[in-house]
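When you get a sec, could you build the whole thing from the sequences and use the hints?
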Amino acid sequence: MSNEALDAFINFAYLIAAIFFIVGLKGLTHPRTAVRGNYLGGTGMLIAVVATLLHRDIVDPKLIFAGIAIGAVIGGVLAVKIDMKVVPQLVATFNGFGGIASVFVAGAEAVRDTESEVVATQTLVALVASGIIGAVTFWGSLVAIGKFSELDFLDRLKFPVGQWLNAFLALLLLLPAAWCINGTQPVMAYWLVVLVASILGVSLVVRIGGADMPVVVALLNSLSGLAAAATGFVLQNNILIITGALVGASGLILTQIMCRAMNRTLVSVLFTSFGTDGSSSQDDAGLYATTKSTSADEVAMMLDTARRVVIVPGYGMAVAQAQHAVRDLSDLLESRGITVEFGIHPVAGRMPGHMNVLLAEANIRYDQMLEMQKINPTLAQVDMVIVIGANDVVNPSARTDPSSPIAGMPIIDVDKARTVVVIKRSLSPGFAGIANPLFAAENTLMLFGDGRQAVQDLVAAIEEG
Numbered sequence: 001m002s003n004e005a006l007d008a009f010i011n012f013a014y015l016i017a018a019i020f021f022i023v024g025l026k027g028l029t030h031p032r033t034a035v036r037g038n039y040l041g042g043t044g045m046l047i048a049v050v051a052t053l054l055h056r057d058i059v060d061p062k063l064i065f066a067g068i069a070i071g072a073v074i075g076g077v078l079a080v081k082i083d084m085k086v087v088p089q090l091v092a093t094f095n096g097f098g099g100i101a102s103v104f105v106a107g108a109e110a111v112r113d114t115e116s117e118v119v120a121t122q123t124l125v126a127l128v129a130s131g132i133i134g135a136v137t138f139w140g141s142l143v144a145i146g147k148f149s150e151l152d153f154l155d156r157l158k159f160p161v162g163q164w165l166n167a168f169l170a171l172l173l174l175l176p177a178a179w180c181i182n183g184t185q186p187v188m189a190y191w192l193v194v195l196v197a198s199i200l201g202v203s204l205v206v207r208i209g210g211a212d213m214p215v216v217v218a219l220l221n222s223l224s225g226l227a228a229a230a231t232g233f234v235l236q237n238n239i240l241i242i243t244g245a246l247v248g249a250s251g252l253i254l255t256q257i258m259c260r261a262m263n264r265t266l267v268s269v270l271f272t273s274f275g276t277d278g279s280s281s282q283d284d285a286g287l288y289a290t291t292k293s294t295s296a297d298e299v300a301m302m303l304d305t306a307r308r309v310v311i312v313p314g315y316g317m318a319v320a321q322a323q324h325a326v327r328d329l330s331d332l333l334e335s336r337g338i339t340v341e342f343g344i345h346p347v348a349g350r351m352p353g354h355m356n357v358l359l360a361e362a363n364i365r366y367d368q369m370l371e372m373q374k375i376n377p378t379l380a381q382v383d384m385v386i387v388i389g390a391n392d393v394v395n396p397s398a399r400t401d402p403s404s405p406i407a408g409m410p411i412i413d414v415d416k417a418r419t420v421v422v423i424k425r426s427l428s429p430g431f432a433g434i435a436n437p438l439f440a441a442e443n444t445l446m447l448f449g450d451g452r453q454a455v456q457d458l459v460a461a462i463e464e465g
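When we follow my numbering, the leftmost residue of the sequence shown carries the number 1, and every step to the right adds one.
Check each hint, because a few of them may be wrong.
Per label pair, the in silico range of CB-to-CB distance [to be verified]: (1) Gln-373 to Leu-6: 50 to 56 Å; (2) Leu-6 to Gly-183: 26 to 32 Å; (3) Leu-63 to Ala-167: 38 to 44 Å; (4) Gly-337 to Glu-442: 24 to 30 Å; (5) Leu-78 to Val-35: 15 to 21 Å; (6) Leu-370 to Arg-336: 17 to 23 Å; (7) Glu-463 to Met-84: 21 to 27 Å; (8) Leu-6 to Leu-78: 32 to 38 Å; (9) Leu-165 to Gln-122: 28 to 34 Å; (10) Met-302 to Gln-368: 19 to 25 Å; (11) Ile-64 to Phe-94: 18 to 24 Å; (12) Thr-272 to Met-84: 56 to 62 Å; (13) Phe-65 to Lys-374: 27 to 33 Å.
For lysine to any residue, the following SDA-like pairs were computed, each having C-alpha atoms within a straight-line distance of at most 20 Å [as the list claims (entries may be wrong)]: (14) Lys-85 to Asn-363; (15) Lys-81 to Asn-363; (16) Lys-26 to Tyr-366; (17) Lys-62 to Val-105; (18) Lys-416 to Met-372; (19) Lys-81 to Phe-94; (20) Lys-85 to Gln-456; (21) Lys-62 to Phe-94; (22) Lys-292 to Lys-85; (23) Lys-85 to Lys-416; (24) Lys-374 to Gly-353; (25) Lys-85 to Arg-327; (26) Lys-81 to Val-319; (27) Lys-62 to Lys-26; (28) Lys-416 to Arg-327.
Calculated from the structure, these hints are not laboratory results.
Keep in mind that this is a model prediction, so the values were computed, not measured.
The beta-carbon is built from N, C-alpha and C at its ideal position, and this holds for glycine as well.
Right, dumping it as structure tokens:
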């Protein structure tokens, strides 16, 4: 086959792969078609990889197949062994690897191009973009992993002049970027760009408050796609440009959705810290003076007369790994003629769709999972809401207190239900670091304890009753 015919075949294969990606992405918009969408996306990637391996510039396919084998083994082990509690860290790791892969691939291409020919200006611009976005994504993702893992040393990296430092680093980036685009020593300049961008990635994310981390994960996912697209321009690879653009665009859309769910802008997320260390104050103690605790037996008796129950999960359910116990509770209540639904807040947990992933893993039916906009208008007719490990996303201060840091943030209005049972280890605040008046409300009962154990005790009490 001639070189021209081979190039035409590869580009046609890339076109077919792109169609698979787009149709697969469409499938991911609904839970019922999500599995099929994943298969279509995977098939598209297989086509793209095989087509790339046919390229005449491939030097040693053995190295590529070795990399594929190693990656497949690691991915398979992670898929089987990973604890659902650390899925946010895993997602951040994927984002980071996407960013650093773009950095190294673009850097290697820069070395090859400068040894053989004069590099076009547009290629150098794409090279700089790949280095900046990829480095920020990688190091920002590492910081996000540290925040999810609650590593204390990250707090020491929060400099008082952090935003000024970010501005200085952004301006400083212009110098090596201009040097790289000038083309005199693009390789050295490129790695200087990567160095400064790496520091900027750490500085940007380390100051972002814990309550904003779901938005950060969505943004980093978008940036990993944009880094891949920029690398596609460096390599002049159409499929890399297409897939990077798809990931980047979908990630940005998701980021905006998450921001709206928190009543915040992306600028405020990036440049104003939202969330504290989670410590309680004396004012909180006064607020919680009227808090009423309950027991699993008492809640079970109240459920005897309930006709409709809504369960609102939060990060505490993920930490306690209570999703399977929650499934048992849901099945038991439904077997007694009680309607059970799940109210899902878009930013509950530590990543986009965190609660949906956990509930799906426990085989909760998709039609039971209702978004905040659908569940809120009906909560006044609910006999009991059971809140499991959620805090900020059910805090009525967002609706009633204009001076609250979360004022205006859309929440699930659980306080409007006839009875609210909150399952929680303690009265400590959530990631936003503010007190929750819901815990002291007249219609609220606190069931203190580990989320999974408390739900299991509740199931046992219902069965005994």
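To see whether the hints hold, each was checked on the structure:
| no. | hint | in the structure |
| --- | --- | --- |
| 1 | Gln-373 to Leu-6: 50 to 56 Å | holds, 52 Å |
| 2 | Leu-6 to Gly-183: 26 to 32 Å | holds, 31 Å |
| 3 | Leu-63 to Ala-167: 38 to 44 Å | holds, 42 Å |
| 4 | Gly-337 to Glu-442: 24 to 30 Å | holds, 28 Å |
| 5 | Leu-78 to Val-35: 15 to 21 Å | holds, 19 Å |
| 6 | Leu-370 to Arg-336: 17 to 23 Å | holds, 21 Å |
| 7 | Glu-463 to Met-84: 21 to 27 Å | holds, 26 Å |
| 8 | Leu-6 to Leu-78: 32 to 38 Å | holds, 36 Å |
| 9 | Leu-165 to Gln-122: 28 to 34 Å | holds, 31 Å |
| 10 | Met-302 to Gln-368: 19 to 25 Å | holds, 21 Å |
| 11 | Ile-64 to Phe-94: 18 to 24 Å | holds, 20 Å |
| 12 | Thr-272 to Met-84: 56 to 62 Å | violated, 31 Å |
| 13 | Phe-65 to Lys-374: 27 to 33 Å | violated, 48 Å |
| 14 | Lys-85 to Asn-363 | holds, 16 Å |
| 15 | Lys-81 to Asn-363 | holds, 18 Å |
| 16 | Lys-26 to Tyr-366 | holds, 18 Å |
| 17 | Lys-62 to Val-105 | holds, 18 Å |
| 18 | Lys-416 to Met-372 | holds, 14 Å |
| 19 | Lys-81 to Phe-94 | holds, 16 Å |
| 20 | Lys-85 to Gln-456 | holds, 18 Å |
| 21 | Lys-62 to Phe-94 | violated, 24 Å |
| 22 | Lys-292 to Lys-85 | violated, 30 Å |
| 23 | Lys-85 to Lys-416 | violated, 30 Å |
| 24 | Lys-374 to Gly-353 | holds, 16 Å |
| 25 | Lys-85 to Arg-327 | holds, 17 Å |
| 26 | Lys-81 to Val-319 | holds, 17 Å |
| 27 | Lys-62 to Lys-26 | violated, 35 Å |
| 28 | Lys-416 to Arg-327 | violated, 24 Å |
Against the hints set out earlier in the document, violations occur for numbers 12, 13, 21, 22, 23, 27, 28.
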